[in-house]
Amino acid sequence: MATLLKLAAPSLALAALAGGALAADGDRHQVRIEVDAGHVAAHSDMGSWLDDGLGKLRYSEDDGGLNAGRVFLEYRGRIAPTLSTTIVADYVDDASAGLGLTEAYLEWRPIPASNNQHKVRAGAFYPPLSLENTETGWHSPFSYSYSAIDTWLGEEIRPIGVEWSMRRRLGFAGSPHELRVFAAGFYGNDPAGTLLWWRGWSMHDRQSRLNDELPLTPLPIWNFQGVIVGYREQYVEPFQEIDHEPGAYAGIEWRYARRVLLQLARYDNRADPNAFAAGYWGWHTAFTQVGVQLSLPWELGLLAQWLDGETYWIAGSRPDGTLSPVAALVEDGFESKYLMLSRAVRGNHRFSVRYDDFEIARKEGLPAIVSDEGHAWTFAYRYERSARLSAGLEWLRMESRRDLWRDFYAAPASATEWQLRLQMSYRVGMNTAP
Amino acid sequence: MPTSRAIRPSVQSALCLLTLGMAGGCAAAALDVTVVDEHGAPIELVAVYAVPDKPVASAPAKPTAVMDQKHKAFVPHVLVVQTGTSVDFPNNDTVSHHVYSFSDPKSFELPLYKGDAHPPLVFDKPGIVVLGCNIHDDMLGYIYVVDTPYFATTDDSGKARIAALPAGGYGVRVWTPRARPGDLPPDVTVTLDGADRGVALQIKGKLAAEHDQGGSGLSWQRY
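Just so you know, the protein sequences line up as chains G and U, in that order.
The first sequence begins at 1 in this note's numbering and counts up one residue at a time.
The second sequence begins at 1 in this note's numbering and counts up one residue at a time.
The following block holds chain G by itself, in its conformation from the complex (with noise of 0.2 Å):
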């Protein structure tokens, strides 16, 4: 905390100068800098994921008190009229701490000859896949503590490469009907999957940098007689190559005005799932996704995304060809939906409640084994100050039950941990609203 706000008071002033000198350009730069801080109180039997615990939360009893979530600053330069660039540089002083970049992409928008418009961004970037992170930095307008699937996506899904999309009106000069198609290439994520299946589906705010290295739990190591007699520290870097071929995504999207969005996206990283490279295995992960956005009466808005896929890692043998005596040879399938509604009030209030319902379980055939099962919710408000302060409270209760708890580190199979996060944001912008 204290380094973050050591780092947070420099890189404002820094941002200021750097503002001034880039002024004279008009918006041609742009930066904008924001500070996430607050107050936790958070209740967890076994710790926090982040510091080597068995909880699946951000914070835990150990970290109550003060906490800065994030310092962020993100670049937007204008190459050309139709070429831009966007880097997103995150400081967060949890797991590997430090500052690491989320974002780094070229986008190109040529300006449309017909009713097609056409995009293409070229890095590393998100997937246009979370309904809720619409915000500078992949931030959230609601919650603090992000969906599972959205945290997830956040922790372990970060395509290097390039991507295309296109948008049509469909009909009439006026016609509210509007079809959007994307489709994507893309290195690294070969890991994906790999936190998910060890931690379970978590709810934060934490977007991994492109360099993190993230703690798993501890791999147990089994004797012969198929008694666990230690563990061993493991990690993961989500955005490794391993296998060398490219993974993909592609997805297609309707919307009617700004009343009615519906989203139907199939993801793939297609790794290798006996590969290994650098200390990491491929984890072949697969997912298909439903988003749902609509503009309902009274001024509240819905939001829901359900996402399904797969995950396979086998662990049968050592690169060098030995036997692992690991033989949790991992096929499992995951799943997590959540409803989201969430009305502002007078513009600057907003209230949003939001029930998360998860799932990894092995597929049939195999020894049963509920990897992960249960729900949470979310009720948090928001209040935006000005376009520079916004403060606001937010509460998330998450019910688990995991039979590796028990089976792997003699835990209770299930627990509830819950948190409480009082936060306020400070935005500056140079060349831009912040």
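I should point out that these hints are in silico values taken from the structure, not numbers from a laboratory.
Wrong hints could be hidden among the right ones.
[What the hints assert, rightly or not] With a straight-line cut-off of 20 Å between C-alpha atoms, the simulated EDC-like cross-links for lysine to aspartate or glutamate are: (1) Lys119/G to Glu109/U; (2) Lys70/U to Asp27/G; (3) Lys72/U to Glu135/G; (4) Lys206/U to Glu178/G; (5) Lys119/G to Asp137/U; (6) Lys363/G to Asp407/G; (7) Lys114/U to Asp27/G; (8) Lys72/U to Asp27/G.
[Claimed, not checked] So the derived label-pair ranges between C-beta atoms look like this: (9) Val75/U to Ile252/G: 30 to 38 Å; (10) Pro186/U to Asn115/G: 21 to 29 Å; (11) Asp88/U to Asn115/G: 22 to 30 Å; (12) Asp88/U to Arg388/G: 32 to 40 Å; (13) Ser86/U to Ser175/G: 23 to 31 Å; (14) Tyr381/G to Pro186/U: 49 to 57 Å.
C-beta atoms are modelled at their ideal positions from N, C-alpha and C, and glycine is treated no differently.
Following the hints, put chain U in place on chain G, whose structure we already have.
Positioned in the frame of chain G, the structure of chain U alone reads:
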């Protein structure tokens, strides 16, 4: 929301006003048009225009029209102009816009700018010009170019007044981006003889949602 804009009297009408009382048949009248939907509810921002039976002696001085950009929106959402009118596109936002259109009557591009960086453009073909911003996907506007100096746009009570119409026969037409072309009412023929007239028109069929509808505060521009 912009309110109804009745056009200024054309030069021809002005000439008529000068000669009023000296010659018959030149008296100017106003045409009040009300546009309602299939349920009888008023529709805002409908282009209403009257096409004279006899060609109008061309009115050379057409004032420059303005399609403003404020709060990342085109203002007005629908602008009606006569063929040959110059339209200015000032950007009154603090962010740059890159305005373009790929529509047949006027395909153009105003590269990245703020303020009044580009000279006005002349819209010399009638029809629908759909406007977009290459930076802000959600910005949408229309310029409807008509072949007559007599036009107006409905206000929030669905009413529009076309002022200073010289006596004669007219075909009254309407257009809104929210209606399918086939749902627009056929021409209504009106003969004016110096007295104000009122016309009510109904657009059949279901109207498309207004572009900016949805007060839920959800974000619709995601990537």
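Consistency of the hints with the structure:
no. : hint                             : verdict
1   : Lys119/G to Glu109/U             : holds (17 Å)
2   : Lys70/U to Asp27/G               : holds (16 Å)
3   : Lys72/U to Glu135/G              : holds (16 Å)
4   : Lys206/U to Glu178/G             : holds (17 Å)
5   : Lys119/G to Asp137/U             : holds (11 Å)
6   : Lys363/G to Asp407/G             : holds (18 Å)
7   : Lys114/U to Asp27/G              : holds (9 Å)
8   : Lys72/U to Asp27/G               : holds (15 Å)
9   : Val75/U to Ile252/G: 30 to 38 Å  : holds (33 Å)
10  : Pro186/U to Asn115/G: 21 to 29 Å : holds (28 Å)
11  : Asp88/U to Asn115/G: 22 to 30 Å  : holds (26 Å)
12  : Asp88/U to Arg388/G: 32 to 40 Å  : holds (33 Å)
13  : Ser86/U to Ser175/G: 23 to 31 Å  : holds (29 Å)
14  : Tyr381/G to Pro186/U: 49 to 57 Å : holds (54 Å)
The structure fails none of the hints (numbered hints given earlier).
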